[in-house]
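Chains as they are written, first to last, in numbering that gives the first Met the number 0: chain L, 0 to 140; chain C, 0 to 765.
Think of the hints as simulated: they come from the structure by calculation, not from any bench.
Even for Gly, the Cβ is constructed at its ideal location relative to N, Cα and C.
Treat the hints with care, as some may be off.
Stated by the list, open to error - Straight-line Cα separation of at most 20 angstroms, SDA-like style, residue types lysine to any residue; simulated pairs: (1) C:K350 to C:E434; (2) L:K109 to C:H722; (3) C:K679 to C:Y563; (4) L:K109 to C:R724; (5) C:K155 to C:H440; (6) L:K109 to C:K155; (7) L:K107 to C:R724; (8) C:K350 to C:H440; (9) C:K437 to C:G357; (10) C:K679 to C:G691; (11) L:K107 to C:G691; (12) L:K109 to C:K350; (13) C:K679 to C:L561; (14) L:K107 to C:H722; (15) C:K350 to C:R540.
Stated by the list, open to error - Short derived list, chain C residues pointing at chain L, Cβ under 7 angstroms: (16) A642; (17) D644; (18) T656; (19) I658; (20) P719; (21) G723; (22) R724; (23) I743; (24) A750; (25) Y754; (26) I757.
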Amino acid sequence: MNMHSLILRTAGHFLLPLLLLFSLFLLFRGHNEPGGGFIAGLVAGAAIVLYLFSMDIAAARRVLGIDPRSLLGGGMTLAVLSGVPGIFRGQAFFTAQWWELAMPGIGKIKLSTVLLFDVGVYLVVIGAVLTIMLTLAEAED
Amino acid sequence: MLYAILSTFVLAAFSPWVHRLAGRHSGWVLALLPAALFVYFASFLPAINAGETVVIVTPWMPGLDIQLSFLVDGLSLLFALLISGIGFFIISYAGRYLEGERDLGRFYVVMLSFMGSMLGLVLADNLIAMFVFWELTSVTSYLLIGYNHEDLKARKAALQGLIVTVGGGLALLAGIVMLATAGGSYELSEILNSGDAVREHAWYLPMLILILLGAFTKSAQVPFHFWLPNAMAAPTPVSAYLHSATMVKAGVYLLARLNPALGGTEVWFTVLALVGAVTMFLGVFLSFRSTGIKSVLAYSTVMALGTLTMLIGIGTETALLAAMTFLLAHSLYKGALFLIAGILDHEAGAKDFLQTGGLRGALPITSTVAMLAALSLAGVVPMLGFVAKEGMLESVLEAPGLVPVLTLLASVSAILGVAVAAIVGIRPWFGPRVETPKSPHEAPPALIAGPMVMASLGLVFGLGPGLADVGILAAAARAVNGGVPVDAYLSLWHGLNWPLAISALALVAGLLLYSRWDRVRALLAWVDIAARFGPERGYERMMDGIVRISDWQTRLLQSGYLRYYIMFIVLATAAMVGVTAQIYDVSAGPLRLQDLRFYELVIVAVMGASALFAVLSRSRLGAVAALGSFGFTVALTYVMFSAADVGITQILVETLTVILLVLVLFRLPGFLGLSPRLIKFRDALVALAGGGMVMLLLLSTHNAQEIPSIARYFIEEAVPSGHGRNVVNVILVDFRALDTLGEIFVLALAAVGVYAMIRFRAEDRK
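All chains, please: the whole structure from these sequences, using the hints.
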C-alpha cells in the first residue's frame, strides 16, 4: 500500500492533525453552521485513510490507537445512552436535555444530550469508514 | 401483584450466583421464593371466597391500550396457588436431583422464568399481556425440554413442542384480537361480562376456531397430543412441573377462563366435549400400552387434559365444579408420581416399568407415597381423585347431548385409568424383585418431601372434600361459570347411583386388565404401525416440506450474483411504486422547462454525459471516474439549492467511494467479455424502469401539495426547541434522532458485514 512518495508522506504527516482538528471543528459547530457528526466523521475517516495511503496499514492503525470496531460499538453505545436522561425527567426516550454552564473567562457553554448523540454518530462513522477501508487494505496482502 | 411476578424473573436473573453461593442447598434457598409467593397468593383467599374479584392495573403501553393488569378470582388464584405451591417442591427437588450438574445454574434461570411466565399467564387481565406470557411459557419450556442440549432427541422434542405451541399461539393471537374487537375491550374482566355480544358477533366462529387452536395445541389435545409425551426428554422435575400444574394446563386455563364469554353454544359444547373425550380415551389407551415410566405418566396427562377439556365443554354447573376438582386432584397426584418416577431413576436407575418390581422393601416410604398417589389416579375411595371422577361421570351422564358417546368413552377410559394406576402403584413395588441398574435405596428428604405432601393432600381433600370445595374450588367454579355461584357441592358419598356403579365396574375391569398387562400389550402391537400414519407423521412431513420449500426459494432468489439482486430490487420497487401510482391515481406534475437557468442546463449536461460515459466505458477505471464526476455534479445541485450539509456529505462520500473502489479494483480480474447484446438490452430496460420510476415520483411530488409540508415546522422550531440554527443538523440529531440512530446502526452493521465477509473468507483459505 505504501506509495513511496516523499511528497505524499510529508504532506500526510502535516495534514493529519490539521484534518482531525478540522473534523472536530465541524463536529462542534454543526448545530448552527454546516457540519455535524456525520460530516465530521467522514472528514476524520478520510484523514486517516490519507495517512494510510501515505504511510502503511500498521502506521494508520498506530495513529488511530484503537480498533475501529471498538469505535463502532462505543459510538452506538454513546448514541443510545444520550437518549436515556430524558426518561429520568419523565419525558420520552431521546427527548433532548440542555444544560448551560458558565465558564469563567469563556462565557456560557451550552451542553446537551444532542451533542453526546452527535459525538456518537461521529464515532460510528469513523469506525465504519475505517473498518471497511482497513479490512479491504489488509485483504490485499 | 406486579412485583410478585417480576420477582420471579429478577430472582431468575440472579439464580446462577445464588446457586454458586448456596452450593448444594441452592434448591432450598431458591424455593423460598415460590413458598413466599404461595403465602402471598393464599392471602387473597378470604376475599376471593367471599365472592370478590380483584383487578390490579399498572399502565404499560398506554398508547396501545395495553396494560399490565391482573385479575385475581377463584380460577386464577387456584392456578397461582398450584404453580407456586408445586413450584416450591419442584425447585427444592431439582436442587437435589440435578446436584452437581454443570448447567444447574442455567436450569434455575429458565425454571424460575418459566414459573414467572406461568403466573403472569394465569393472572393477567389484559389479553395482550396474557398472550405475551403465553408465548414466554412456550419459549421457556422449549429451553427446559431441551435442557440436555447435547442429546439430539431432547433438542428435537424441544423444537417440536415449540413449533406446535407457538404455531397455536399465532392462531390464538389472531383469535384474541377478534375477541377484543367483539367484546369491546382488551380487559378480560370486561369481556367476560359481555359474553352475549361476543357469542352473537359475526366473527364468533372464526374467533372460536383460532382460540381453540391455541388452547388445543398448548394442552396437547388430539391431534396435537404428540408433542407432550416427547417432551419428557426434559429432566424429571421439569416434566413433573409441565405436566402437573403448568404449561399444558395453560390451554385448559384459557378454555375455563373464556367459558363465560365463548361457552354455552352448540359449537363450543360439541367441539370441546368430543375432542376432549377422544383425547381422554386416546391418552389413557396409549398410556396403558407404554412401558417407559415417564411415558406412561405423560400419556395419562394427555388423558387428564382431555377430561378437563370435555368437562369445560359440557359446561353444566356440576361439570365445572368437577373440572376444577379434577384439575386439583390431577395436579397433586401427577406431580407426586412424576417426582417418584424421578426417584426411581435417581435411586434405582430404572426408567422402564419392565425394569422394576419388588422395590417395596428397598424404598418403603417412596412406595407408600406412590401407592397413595396411584389410588387418586385410579379414582378409588377415599381419595380426591375419586371425588373428581364421580363428578366427571355424573357430568357426562347429565351432559346436554352426545350422552351415549361420552359415557362410553368415559367408562372405557375409567377402566384403562385403573389399569394405568395399577401399573404405577403396583408394578414397581410388589411381586418378585427385579434387578435394577443401580442398587436401590430410599430417597433423601428433598426428593420425597414433595410427593409425600402432594399425595397426602390428595387423601386429606378426599376425606374432607368440603375443605377443598369451600377453600377454593367453589370460587374457581364460580369464576368459570361467569361469576354465578355453582349449584353443586363436593362430597365423598353420593349414594348408590350410576357413577358409583361405573366406578366399581372400572375398578374390577381395570385390575383384571392389569393382571393381563403383558398379554394385552402384545395384542396391541399393531398400534405402532398405525402410529406411523398419525399426526406426528404429519408434523414431520410438514417440517420436511418447509425445509424443502425454503431450500428451493433460497436457490431461486439467492443466486449470489450482485447483478441479479440489484435487478430484483429495482424491478420490484418500480413495480410496487407503479401499481400504487395506478391505484391512487398519481400523476406527474408539469415539466416547466422555461424556468431552467443556463448553469443548471450545463450541470445537467455534465451529469448526462458522465452517466452515458459510465455506461458505455469499456474499462472499469473509466466507469468509476465517470461515476465520481456524476456524484460531484449531484453535490453541486445540492449546493445550488442551498443544502450545504447535504452537498458536503455528498462530496465526502464520493471521495471515499472512489478510494474504496480503487482499493477493490486492484483485486478484480479484467473484463473477460462484455455482455451480449440481448443482456444489454434487458439491463437497459431495467435501468430505464428504475430511473423512470424515480422521475415519476419526483414529478408527482409537485402535485402532492395538498398534504401540508412539515418543513415549515422544522424551520420554525429549530431555534426555539432545537437550540440550533442548522436545521438539517437539528433534524438529524434532535427531531429525528431515532431515525439517525437506526441509520448509524445500519452503517455499523454494514461495516461489520464487510469485515466478516473478507476476514472469514481469508481465514477459510488458510
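Hints versus structure:
1. C:K350 to C:E434: holds (13 angstroms)
2. L:K109 to C:H722: The given pair, whose Cα atoms are some 9 angstroms apart, holds under the 20 angstroms limit.
3. C:K679 to C:Y563: holds (13 angstroms)
4. L:K109 to C:R724: Given pair L:K109, C:R724 holds - Cα atoms ~14 angstroms apart, limit 20 angstroms.
5. C:K155 to C:H440: violated (33 angstroms)
6. L:K109 to C:K155: Violated: L:K109 and C:K155 sit about 59 angstroms apart, past 20 angstroms.
7. L:K107 to C:R724: holds (17 angstroms)
8. C:K350 to C:H440: holds (15 angstroms)
9. C:K437 to C:G357: holds (14 angstroms)
10. C:K679 to C:G691: Holds, at roughly 18 angstroms.
11. L:K107 to C:G691: This hinted pair is violated, its Cα atoms lying about 53 angstroms apart.
12. L:K109 to C:K350: Outside the cut-off at roughly 72 angstroms; violated.
13. C:K679 to C:L561: Cα-Cα ~16 angstroms, so holds.
14. L:K107 to C:H722: holds (14 angstroms)
15. C:K350 to C:R540: Status violated; Cα separation ~30 angstroms.
16. A642: violated (9 angstroms)
17. D644: With a closest approach of 5 angstroms, the C:D644 hint holds.
18. T656: Cβ of C:T656 sits 11 angstroms from chain L, so the hint is violated.
19. I658: holds (6 angstroms)
20. P719: Violated. Min distance 12 angstroms.
21. G723: This hint holds: C:G723 lies near chain L, its Cβ roughly 4 angstroms from the closest one there, short of 7 angstroms.
22. R724: Hint on C:R724: holds, closest Cβ of chain L at ~4 angstroms, below 7 angstroms.
23. I743: At 4 angstroms from the nearest chain L Cβ, C:I743 passes the 7 angstroms test, so the hint holds.
24. A750: This interface hint holds because 4 angstroms falls under the 7 angstroms limit.
25. Y754: Since chain L brings a Cβ to about 5 angstroms from C:Y754, closer than 7 angstroms, the hint holds.
26. I757: Interface hint status for C:I757: holds (5 angstroms vs cutoff 7 angstroms).
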